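S.K.: Residues per chain are reported as follows:
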Amino acid sequence: MKEKIITKNLNLWYGAFHALKNVNSNFSANRITAIIGPSGCGKSTLLRVFNRMNDLIEGVRMEGEVLTDGINILEARADLVVLRKKIGMVFQRPNPFPLSIYENIVFGAKIHADNIKKDRLDEIVETSLKSVLLWDELKDKLKKPALRLSLEQKQRLCIARLIAVTPDVLLMDEPCSTLDPQATARVEELMRELKSKYTIIIVTHNMQQAARVSDDTGFMLLGELIEFGETDKIFTAPKDKRTEDYITGRYG
Amino acid sequence: MQKIKEFIIEKFIFICGIASIFFVVLIFLFLLKEGLAVFKFVKPLEFLLGKNWYPISEPAQLGILPLVLGSLLVTLGAAVISIPIGVGCAIYIAEIAPLKIKETLKAGIELLAAIPSVVLGFIGMVTLVPLVKNIFHLPTGLTALSGSIMLAFMAMPTIVSIAEDALYSVPKNYKEGAFALGATHWQTIWRVMLPAASSGILAAVMLGIGRVIGETMAVMMITGNAAIMPNSILSPVRTLTATIAAEMGEAVVGSEHYFALFAIGIVLFVISFIINVTADLFLHKDQK
Ligand SMILES: Nc1ncnc2c1ncn2[C@@H]1O[C@H](COP(=O)(O)OP(=O)(O)OP(=O)(O)O)[C@@H](O)[C@H]1O
Ligand SMILES: [Mg+2]
Numbered sequence: 243m244k245e246k247i248i249t250k251n252l253n254l255w256y257g258a259f260h261a262l263k264n265v266n267s268n269f270s271a272n273r274i275t276a277i278i279g280p281s282g283c284g285k286s287t288l289l290r291v292f293n294r295m296n297d298l299i300e301g302v303r304m305e306g307e308v309l310t311d312g313i314n315i316l317e318a319r320a321d322l323v324v325l326r327k328k329i330g331m332v333f334q335r336p337n338p339f340p341l342s343i344y345e346n347i348v349f350g351a352k353i354h355a356d357n358i359k360k361d362r363l364d365e366i367v368e369t370s371l372k373s374v375l376l377w378d379e380l381k382d383k384l385k386k387p388a389l390r391l392s393l394e395q396k397q398r399l400c401i402a403r404l405i406a407v408t409p410d411v412l413l414m415d416e417p418c419s420t421l422d423p424q425a426t427a428r429v430e431e432l433m434r435e436l437k438s439k440y441t442i443i444i445v446t447h448n449m450q451q452a453a454r455v456s457d458d459t460g461f462m463l464l465g466e467l468i469e470f471g472e473t474d475k476i477f478t479a480p481k482d483k484r485t486e487d488y489i490t491g492r493y494g
Numbered sequence: 151m152q153k154i155k156e157f158i159i160e161k162f163i164f165i166c167g168i169a170s171i172f173f174v175v176l177i178f179l180f181l182l183k184e185g186l187a188v189f190k191f192v193k194p195l196e197f198l199l200g201k202n203w204y205p206i207s208e209p210a211q212l213g214i215l216p217l218v219l220g221s222l223l224v225t226l227g228a229a230v231i232s233i234p235i236g237v238g239c240a241i242y243i244a245e246i247a248p249l250k251i252k253e254t255l256k257a258g259i260e261l262l263a264a265i266p267s268v269v270l271g272f273i274g275m276v277t278l279v280p281l282v283k284n285i286f287h288l289p290t291g292l293t294a295l296s297g298s299i300m301l302a303f304m305a306m307p308t309i310v311s312i313a314e315d316a317l318y319s320v321p322k323n324y325k326e327g328a329f330a331l332g333a334t335h336w337q338t339i340w341r342v343m344l345p346a347a348s349s350g351i352l353a354a355v356m357l358g359i360g361r362v363i364g365e366t367m368a369v370m371m372i373t374g375n376a377a378i379m380p381n382s383i384l385s386p387v388r389t390l391t392a393t394i395a396a397e398m399g400e401a402v403v404g405s406e407h408y409f410a411l412f413a414i415g416i417v418l419f420v421i422s423f424i425i426n427v428t429a430d431l432f433l434h435k436d437q438k
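Sequence lines, in order, name chains A and B.
Terminal number for the first sequence in the working numbering: 494, no gaps in between.
Terminal number for the second sequence in the working numbering: 438, no gaps in between.
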């Protein structure tokens, strides 16, 4: 298994609050890794370390190493544009831009290169929408505002928008929490299909979801990564008492 | 007892509400009655497109085209100056400035809005007018350009504060989405924030311009007050508002001059009304 993201003694503080404590983990390429844990344990925070989204928050301080393809992304000289192009993120609430469907998808292409030919853009739109299984639904509505889509379509569009910039890693922070069960099932199906091409890390509150879609699982509690390993093992034979308690539903 | 009190208060408030509408209607009717009377003396087209404004010659010539052009020229100039600077300033305040500078700038803008227009006009007269005169080697610095610059200062606070509001209320997750795709700060502003705030910004611009069109005192002081057809931004002009202010005192009540000034009032009213309604449309589009 190829290692895609490795964290070594990762610590993070929001001001004085110690939100991530000595996290050591290892995310493999072409696998889906789920991060689970009770509310406020630092799942989103960890995810947002990987594309340095925490930089937007004032007073954040990080220590340790986060390696991807051998580069420590926490270094001050890390190029955030390149990093975020490589490691993309899907948010909890679908957040398409208030632009047309077409403009949403070509957004990434346009910001990373000048003067792309119209043909090329059309091509990007088609392949991206196809890979999230939206092409047939939307091919005649590309000029329509993206904000008019259904929630599920919006979330798929956000995934398509991300795929259009050809990342290696997809970070997903509770991507299904605003969707109904059927839509959730379809998005999970999509994740399995995307797995062969990407490293996927998904934060979820929903243990069934983690069990259904992920290959590996990490369990977090109060900023610590308690246990990390293959999903089957974590769910059937957890090593740590606290993991067991959580999985059997003894925490909120 | 409580009930009677409620009843009286309710009725009182009702009367207040009705009264304001009543007065607006009354003013409007008066304006219409006095203004439309001018068409007993001139044809509407002659009035609107006539090139000569000689209200007290014999026979009086009542063409308001030079005044309309004067207003348009001054307003257009003010718009060209104030829109880019105002919107730029709003972007800086909403997105870029560190907290301290932001507060200072906002206070500064509010202060600018608080300066009475006469005072601005006076300052413009002693500073701006000679400057324009010297830079362009003109016989007089009392020009449309001076008026435009001056009015740009008056439109700026409106534009900045409303546009800043519009930018500020763009949902944070648009910004996060753009950053997460690797957009730079400027790309995020240009490609996401501005389109998202566009209707609010347009409303800001319309309201700013509305203020400019209605402004009287300051323009009267520094645009030269010559009711001639302007041939460039560097000629003296006279605006619609300044005409009314300057001539109302001397117009004989009931004369054609008097009616013509009211008709100018109608023209101004229509222009302001259109601008306000447009701004309102944009604002409400935003809230939807
Ligand atoms: N911007 C911030 N400033 C200060 N503290 C923060 C900030 N963001 C998060 N925290 C704190 O850090 C801790 C971890 O937050 P985080 O959002 O990562 O949790 P989470 O596991 O994703 O929770 P949830 O399941 O509710 O999304 C929480 O205690 C939270 O209060
Ligand atoms: Mg979270």
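Hint data in this document are derived by calculation from the structure and do not stem from the laboratory.
Bear in mind that the values here come from a model prediction, so they are computed numbers and not experimental data.
A few of these clues could be false.
As the list claims (entries may be wrong) - Ranges between beta-carbon positions, derived for each pair: (1) F162/B <-> G282/A: 27 to 35 Å; (2) F423/B <-> K385/A: 18 to 26 Å; (3) S419/A <-> I251/B: 46 to 54 Å; (4) S438/A <-> V427/B: 39 to 47 Å; (5) N314/A <-> L261/B: 45 to 53 Å; (6) A257/B <-> S419/A: 38 to 46 Å; (7) R390/A <-> I171/B: 35 to 43 Å.
Just so it is clear, CB atoms sit at the ideal spot from N, CA and C, and this is done for glycine as well.
S.K.: Which hints from the list above does the structure break, by number from lowest to highest?
M.R.: 1, 2, 3 and 4
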